[in-house]
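Student: Okay, here's what each chain looks like letter by letter:
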Amino acid sequence: MQKTWRSATLAAYTLAILAFLYLPLLILTLYSFNDSRINAVWTGFTLKWYASLMTNDRVLEALTNSLIVASITTVVSTVMGTFAALALHRYQYRCRTFLNSLLYLPILIPEIVMGLSLLILFSQTGVPLGKPTLIIAHITFCLSFVIITVGARLEGSRDDLEEAAGDLYATPWQAFRYITLPMILPGIIAGALMAFTLSIDDFVISFFVAGPDSTTLPLYIYAMVKRGISPQINALSTCMMTVTVSLVVISQLLQMKSYHASRKD
Amino acid sequence: MKRGKLLVVPAMGWLSLFFALPLLIVVVVSFASRTAYGQVVFNWTLANYIRFFEPLYMTIFATTIVTALGTTLLTFAMGYPVAYTIAMILPKKWQQAGIILVMIPFWINFLIRSFAWVIILRSQGVVNTILLHLGLIQKPLTLLYNDAAVLLGMVYALLPFMVLPIYVSLEQMDKRLLEAASDLGAPPVTAFRRITLPLTMPGVAAGSILVFISSLGMFVVPDIMGGAKSALIGNIIQNQFLAARDWPFGSALSIILALLALVMILLYYKALQAQKGGQAHAKNLA
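Protein sequence lines, in the order shown, are assigned to chains G and L.
Taking our numbering, the leading residue of the first sequence gets 1, the next gets one more, and so forth.
Taking our numbering, the leading residue of the second sequence gets 266, the next gets one more, and so forth.
Be careful, since some hints might not be right.
[To be verified] DSSO-like cross-link-like pairs, simulated, lysine-lysine; straight-line CA separation at most 30 Å:
#1 L/LYS357 <-> G/LYS3
#2 L/LYS358 <-> L/LYS440
#3 L/LYS440 <-> G/LYS3
#4 G/LYS226 <-> L/LYS404
[What the hints assert, rightly or not] Which residues of chain G face chain L? A few of them, derived with a C-beta cut under 8 Å, are:
#5 THR4
#6 TYR13
#7 TYR22
#8 ALA40
#9 GLY44
#10 GLU111
#11 ILE120
#12 THR140
#13 ILE147
#14 ASP201
#15 ILE233
#16 VAL245
#17 VAL248
[As the list claims (entries may be wrong)] So these bits of chain L aren't anywhere near chain G, every CB distance computed over 12 Å:
#18 ILE460
#19 LEU462
#20 VAL469
#21 GLY492
#22 ASN500
Don't read these hints as lab results, they were simulated from the structure.
All residues carry an ideal CB built from backbone N, CA and C; glycine is no exception.
Chain G on its own, in the form it takes in the complex (with noise of 0.2 Å):
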């Protein structure tokens, strides 16, 4: 009985702290149809906020930006990033140390510091800001997360169905295209789409290293936001977390599927 209560009681905490998680989201979603434009009295459901985003130049070509950025990157980081990671799972490395240091410290160093690093190195080496200098930047912060995602489908799976290949005479690019590949498939999709919601989303190393014809979707959202609230930040807030809720949601269900896969071997 005292049992029950302590889990009703967890259950109830949980809950709430789930609402608060969720709440200000709903809201800010619910409020991108209201029709009023400055305060928050319910005075009608509306898609014009919608409508005007798709009519908005500045919105349009941003969004044009944030794909063209976030695709490159994706392919790029995705590429370097599964060679990588295969290497560092097949070899050793006399200077593991230094490479994992390269690895793991972009993930840990304060977003902020790699992205005024960034904007030192391009304008001490006269370097242009721009698409090229926002895309060099989002691949370095997506390269380590690809690394680790793949890496560890990689600890998961089997080396001894390659090395079997090997010995029915495979050579090593069919052993890799028919045994390795797919087994790790589920990681590398899972990198690419981590790479691709990470750059579509980022917010603070842009901000250091776009250049006035490279505004992406968050650098508008920010610039609008400074500039007043209006409800069409809701509908384009609200766009944003569409997109980012089901490319998580999309990567998670992979992830979770090649883990499960990777039991059952």
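We have chain G already, so just place chain L on it with the hints.
Tutor: Leaving out everything else, chain L in the frame of chain G:
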């Protein structure tokens, strides 16, 4: 040398060029000065680090540390029961869904999440509108642009960071220990205090480090939710690179910030190693 070994080169070369090298440049710039026009002059001076000890910056630094500590304590108090409920009370098949539910908001931009609170707390926001309609207040309360709002925003932003590591350590804990304790007549509270809490301390430490370090460098939340007086070290750094254009001073501040973060992480690893050593020792004795 096998050719496959070279596959690591593109990624690590990239990180050397665009992560390690820029950091080194920041270190160098932190010992430089600036001209009246904001140009960087390399003249090896400690002036930027000495300036950090001026009362103005010391106060901001202290505020940053206090805010970070407050955020860590609050997220712990809020996060531990949540992690416990998911790991120990929820049926096994719902656990993963539970932890994903906690983690999803974490993936949404800090900017958007801070803005959500602006909608709720501003003078014409949700809370004030409701209170005015109920007749509980006559004029809007100032809920935003103060230190409490910054703390709220930080806790909101970083709570998932605390829950995840605690959840992982609870999940990995050997549950038979609790059965043993109960068989030996320990009431649940004692079992929790003597077994669960000590065994999940590594998770608590990891969560605290993650939250503490993230709040040290945070500038989005105070920028959106804080007032003119609630600037933290992150805002000062941001300001040196934008309005003030004093890059050498901004670099020195960010080196201090980064070193602080790295020292915390090193201490955490040392403590973890010591605990692992202790556990191994205890096992040998048993």
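Student: Which of the listed hints are broken here?
Tutor: 5, 9 and 22
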